[in-house]
Amino acid sequence: MSERFVSARVEGEQGVARALQALREIGVPRGAIEVLSDVPLPEAVLGGAMKATKLRRFTFTGLVLGLVTGVFFSIGTLFLYPVLVGGQPVYFAPPNLIIIYELTMFGLVVATALGFVFETRRVKGGGRPYWANVSHGGIYVVVEVPPDLVATRIREALIARGAEPVDPEETLP
Amino acid sequence: MSDPLQPPANWAIEPPPPPPVPAEEATPEEAAEALAATGVVTLQAATEAELDSLDRRLDERVFRSMGSISIRYVALFMLAGLVVTVGLFAWGYQVYNGIGVAGIRRPVFWGFYITNFVFWIGISHSGTLVSAILRVLNVEWRRPLTRAAEAMTVFALMIGGLFPIVHLGRPWRFYWMIPFPNERGLWPNFRSPLMWDLLAILTYITASSLFLFFPLVPDLASARDRATGVRRFVYRLLSLGWRGSQQQWNRLHLGMRIFTIVVIPIAVSVHSIVSWDFGVTQVEGWHSSVFAPYFVIGAIYSGIAALMTVLVLVRRGLHLEDYITLRHLDRMGKVLLAVSVIWFFFFWAGFLTDWYGGNAISREIQRMHMFGNMAPLFWTMLGVCMVLPFLTLWFRRVRTSPGAILVISLLINLGMWIERFLIVVTSPMRNAVSFNWGTYRPQWPEITITVATFAAFTLLYLLFSKAFPLISLWEVKEGWRIDRWRREGVMEVESDVPSIEGAAAGVTAAVEARS
Amino acid sequence: MACYAENNIGVSDAGQVAMGRNRQWIRIERYWERTQFPDVEARFLPIMCQQCAQAPCEPVCPVFASVHSYDGLNTQVYNRCIGTRYCGHNCPYKVRVFNFFAPEFPAPLNEQLNPDVTVRSIGIMEKCTFCVQRIRRARQEAEVQGRPIYDGEIQPACVQTCPSGALVFGNGVDPDSQVSRLMRSQRGFRLLESFDTGPSVVYLKKGGTARV
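Residue numbers (my numbering), protein chains in the order written: chain A, 1075 to 1247; chain B, 953 to 1467; chain C, 125 to 336.
Everything labelled a hint here was simulated from the structure, so no lab data went into it. Idealized CB from N, CA, C, for every residue including glycine. All clues given are correct.
DEER-style ranges, computed between Cβ atoms:
| no. | chain 1 | residue 1 | chain 2 | residue 2 | range |
| --- | --- | --- | --- | --- | --- |
| 1 | C | Ser245 | B | Phe1347 | 51 to 61 Å |
| 2 | C | Thr159 | B | Arg1315 | 18 to 28 Å |
| 3 | B | Ile1023 | A | Phe1146 | 50 to 60 Å |
| 4 | B | Val1293 | A | Ala1167 | 34 to 44 Å |
| 5 | B | Trp1307 | C | Arg314 | 22 to 32 Å |
| 6 | B | Leu1343 | C | Thr159 | 47 to 57 Å |
| 7 | C | Asp300 | B | Arg1315 | 38 to 48 Å |
| 8 | C | Gln140 | B | Ile1399 | 16 to 26 Å |
| 9 | B | Phe1347 | C | Ala226 | 57 to 67 Å |
| 10 | A | Arg1195 | B | Arg1393 | 49 to 59 Å |
| 11 | C | Val135 | B | Leu1031 | 36 to 46 Å |
| 12 | A | Ala1225 | B | Arg1008 | 29 to 39 Å |
Part of the chain B face toward chain C, derived, beta carbon under 8 Å:
| no. | residue |
| --- | --- |
| 13 | Gly1050 |
| 14 | Met1147 |
| 15 | Val1385 |
| 16 | Gly1390 |
I would like the entire structure built from these sequences, with the hints used as guidance.
Encoded structure:
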């Protein structure tokens, strides 16, 4: 039976560091490793970031969209429907700047939020393993078995460094 | 009688006392209990097990308060609900019979409702200050306070955003202020400060709701793992499939960093725009260029005071005294004192320029404030917002007494409400043409709705406290660990992967690693 | 009174007036010059909407209910008003009137409403329009007959009714009209000139030796 994931429970940050070293030694790519914990672990333990995030692209897109909407509302609608009020010229910079600023911020915020939700839920091919013990303080290492390695080899390497292999309790999402 | 400037005997500042050495046969739980009993914020849990049991203790304390409902809670809930119902009835009465049932008149076209609007938007700056500014400055003691502050912001904005609709003459047409394509071919007037209000508050409430929601996701995952039934389903939905993987943590940290940096200029702009509702008019006493920073500082001031009220009540009601400690109150008290001085500076700047070089109308308004029929309100406001914090918050004894903090913060908010009232109502009372001067007398719908909004805030907070943890659990735990790593270092793993800059910055910046 | 009749302005009861919510579009402001009896003198100033060229009430309306017309009038669009009352604050003359309650016309006033003017509902701002319905009617008739509008042809209700001819209305652009000649008088002043709102109403001081 080919397993997709090999999971192990480790003790504390030292356990995580040792497990990561073990996996690195047998050649598991970093993108295939996940470390589940209740509290974010520092980079020094992980030896660097796990995977890059595309969140900034969402933010920037939102900024641009917000800017465009702001310009449309404050300047474009005045082109579409010019109304004279109060002796002020039809296209007047200070109110336009305020509107553009607010809508840019709005676009930025909404896009970042959508990006976060989208990225958090994005999983390819079904759910991933999870244990309720994670929120009770347990730390787990989950390895997605790469095509050139065998699950048992990964498991052995982990056991050698003090990890305790477990089966997944539930899958999320 | 202990010296008020010396810390009380049962808690330490710096350096902390050495932890009680557990006996050989003491279990980690007992050692952790012994540690926590000292009430020291920075915990010198030397072992993983002790830290773990502190984590569990925090979890258990918070989740137990979420799960149980006491008689006191039910009583408060029903009282608040009753007041809110009466307020809704008053609003319905007003909509049915017309805005004329309120006390507004020519020339005082804006009364209690706009005062409340400015007041609640001001309260909403509490979350921004504590959450965003303290986060950006990496101030560690903000960790237990952020959730309560962010919740305050969202609820205050929800309530404050209602008032522009309540005060309309034709409230059922409020949606004409929203820019949407329609068959009339009309757009709202973006040159009007009320439109800037709409967009600014919309942006701010969106940003703060999301700012509240995203750090909530890991705590919702914890709740999901402990809940059953309907609650579990809801938490599962809301926690967005959170598993605690480091990629998710990285994304959360990055998203939080973006939000933190963005929400500060949004908050400053929101209250500046609210101040420009008044500042850009021709009304003497409103047409003042100092209004924008004055209102922003006033908002931060009343926001911190309100936050301190809420914190004192929350720590007492939910038995969180070990986590929202006296030291937090002490530090917040110092911030409050500093902000009160800055507030007085801006107040003085406006007052002096009006008094010295103002025209006849401005001086008449000031005379009315200082010696006329507004004098009791004016001097109360000054006494409570300036003199009281100066006399009391200098002393650590006062700052660390929850009862004193409660009274002082409530009085400060009363004073700030009066300050908003004086600005909004008294300036149109004395306008350019003396034939048109008039007095404002609030009527019962306005008073009822004002009181009901405070009850609504309480109600929302009560609901929130049972549905979501009022302390940001993962942030507090992260803070404990950062403190430990700072002391002891963390084993560094050899790695050939350079640290990718796209990852979390907030956590790792404080850590010193040595192999 | 003529203004009330012409423009369908509702009647306010005594309680409302005591609160300051009278609905009149043109009011006579009374200023006491000397108050020691029997040496008492009062001056009267009829104030209506000044139809400012740079009206401060216009830019602040969030829904464009207060706009400037092509012939220099400050128009209030009743249907569009949602009742924020911001314009009322920004008018330095405080000529804007708000309908705190729906206007009432106790019998038999409800039988003499002017069909040319909308009856406003609750929650709407209103003010003097220089009897824009009469202006439009005169324009239309003049256009139909292919002639320019004569000087003095358009008379708002207040101008028409004033027995002493104290109010004069006309075309300010035409230099020969009576209104233009009066506007150029040495006795002329505008209200609250320091606000620079550009009001369209010129008041003439009493006394002086100027003929006009």
